[in-house]
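Each chain, written out:
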Amino acid sequence: MPIIQAFWAIIRRDLLLAFRRRAEMANPLFFFVLVVALFPLAVGAQPNLLRAMAPGVIWVSALLAALLSLDGLFRSDFEDGSLEQMLLSPHALSILVLGKIIAHWLVTGLPLLLVAPLLAVFLGLPEQAMGTLWLTLILATPLLSLIGAIGVALTVGLRRGGMLLSLLVLPLYVPVLIFASGAVDRAASGLPVNAQLNILLAMLLSALVLVPLPTAAALKMSVN
Amino acid sequence: MENSQHASLQASELSCFRDERLLFSDLSFTLYPGEVLLLEGANGSGKTSLLRILCGFREADAGEIYWCGSKIAESSYYNDMAYVGHADGTKKELTVLENLKFAMALGSAGKYDIEQALDKVQLAGFDDNPVHTLSAGQKRRLSLARLLITHNLLWILDEPFTSLDRQGIKLIESLMAEHIAQGGMAVLTSHHDLSMADLNLKRIHLQACQ
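Chains as they are written, first to last, in the working numbering: chain A, 1 to 224; chain B, 1001 to 1210.
Calculated directly from the structure, the hints in this document are not laboratory data. Only a predicted model underlies this, so the values are computations on that prediction, with no experimental measurement involved. No residue lacks a Cβ here, since even glycine has one placed at the ideal position from N, Cα and C. It cannot be assumed that every hint is accurate.
[As the list claims (entries may be wrong)] If you want the footprint, here are the derived chain A segments under chain B, 3+ residues with CB under 8 Å:
(1) 14-25
(2) 80-92
[Claimed, not checked] Using 25 Å as the maximum straight-line C-alpha spacing, the simulated BS3-like pairs for lysine-lysine come out as follows:
(3) B/K1101 / A/K220
(4) B/K1092 / B/K1071
(5) B/K1202 / B/K1139
(6) A/K220 / B/K1202
Starting from the given sequences, assemble the full structure and let the hints guide the process.
Right, dumping it as C-alpha cells:
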C-alpha cells in the first residue's frame, strides 16, 4: 500500500539524515551521560545517598535529554520546505508524522536505553531494580517523543519557540517522570511495580493513538 | 491522464488580509487543462499568499477553491497537484537520488522515472552528489525534477526561474509547454516574462489595495 510505503520511506529518510548528522544527533546522549556522571562529583562519594538518588537522577537526566532533542523533530523540515511537501502529499499527514516520531525515538530514545544500565551500575542502583529501569525506559522514552511532538508542532513556526516548548511540554512530562522513577524506586526496595508499569503502558498506548492527529493539525497551523 | 478533460481549478471570490492590510478581494478565476495562469504584481502584492492559499497552507479570509467542481478538501486535489516554492523542499545532507526517491514515496509515480527526469533537467550524473554540493541553480532544477517524477495535473510554481541561467529558464519553459500540451495546467508567479508565444496564457495582475 502506498501509505505504508510512505511511512517506511519517512522513517528510512530520517534515520539516514540522523546518520549523516551523527555529531549533532549524539548531543542528547552525551548530555545524558554527562549529567548523570556529574552527580557523584557534586554530591560526594556517598554510596548510600547515590543509590537512593539513582532512579531520580537517571530519569530526570533522560527527560531533559529528550527535551533537548525535541526541537530537531520538525525544525529542519520546516525550514527547508520538506514539511510543505509532506502537507501536500495525498497521504494522511498523521501517519507521516507518526513515522517521524518513531524515527526520532529510534535516534534519541533508543541510545538512552542502551546506556542507562551502565549508568545505573555507576550510581550503584541495586541489581533487582535494573529490569524495572529498563522497562520504564522502554515504555516511557517513546512517550516522551510522542508528547513532545505536539509541543514541537505547535511551536515550530515561532522564531523563538524554545522557552515556550519547555513550558508546554514539561507539565505533561511530569506524570511520566513520577510513575517511571517511582517504579524504579519501588523496585529498588523490593516492592511490586505492576501498577506503575501498567499506567505507563496505558499512557504509551493512548499517546500512540491520540498524538498523531493533533500533531498533524498543529503542523498545518504552523506552516500557515 | 484520465479525466484531465474534466479537471478544473476554480477560485471564487477569494480575499486575503495580511496584518490587517487587504491584499486582494473578490478574486475569481477558472483554469482548465492546457492553460497557464501567470500572477503578476509588485513585491508584497500577495502573489505568494495567493499561491499558498491555492496550496491549502493558508485559509482564504473569504471565498472558496474548487477542484473539478468540489471543494479541495473533499476532492482528489492533493493527488493531482505539485508545488515548488521558495524553499526547495530537499534535504541538503541527502543525495539527489535519495531526495527524489523520497519525493516519489510521498506521491505516486508520474510520467518519467528518476533517471529520465534528471536527464530532462540536465542533472544526469549528479545522482550521488549530496544536495549541499549543488549550486543554487542546480538545486532549483532538482526541485523542478520532482514535478516530472510524480503524478500531477496542476503545477503551482512560486518564482520558478529564480537563480536559473538563461538555458535553465528555456528548459523549464519547454518542460512547462510539454506539460500544458499534455493537458496539464500551471499557476505561477514570475518577474521574468514568459517567452512562449503559443502558450494559452491567462494573466492576473494583483494590485495591493489600501
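Going through the hints against the structure:
Check result for the stretch 14-25 of chain A against chain B: holds, 4 residues qualifying (beta carbon to beta carbon below 8 Å, three or more required). With a threshold of 8 Å between beta carbons, the proposed coverage of the stretch 80-92 of chain A by chain B holds, since 11 of its residues qualify and at least three are required. Proposed proximity of B/K1101 and A/K220 is supported: the alpha carbons are some 24 Å apart, at most 25 Å. Annotation: proposed proximity of B/K1092 to B/K1071 is violated, straight-line Cα distance about 35 Å (limit 25 Å).
Pair hint B/K1202 plus B/K1139 does not hold up; C-alpha atoms about 28 Å apart against a cutoff of 25 Å. Among the hinted pairs, A/K220 with B/K1202 is inconsistent with the structure: their alpha-carbon atoms are about 30 Å apart, more than 25 Å.
Checked against the numbered hints listed earlier, the structure breaks hints 4, 5, 6; every other hint is satisfied.
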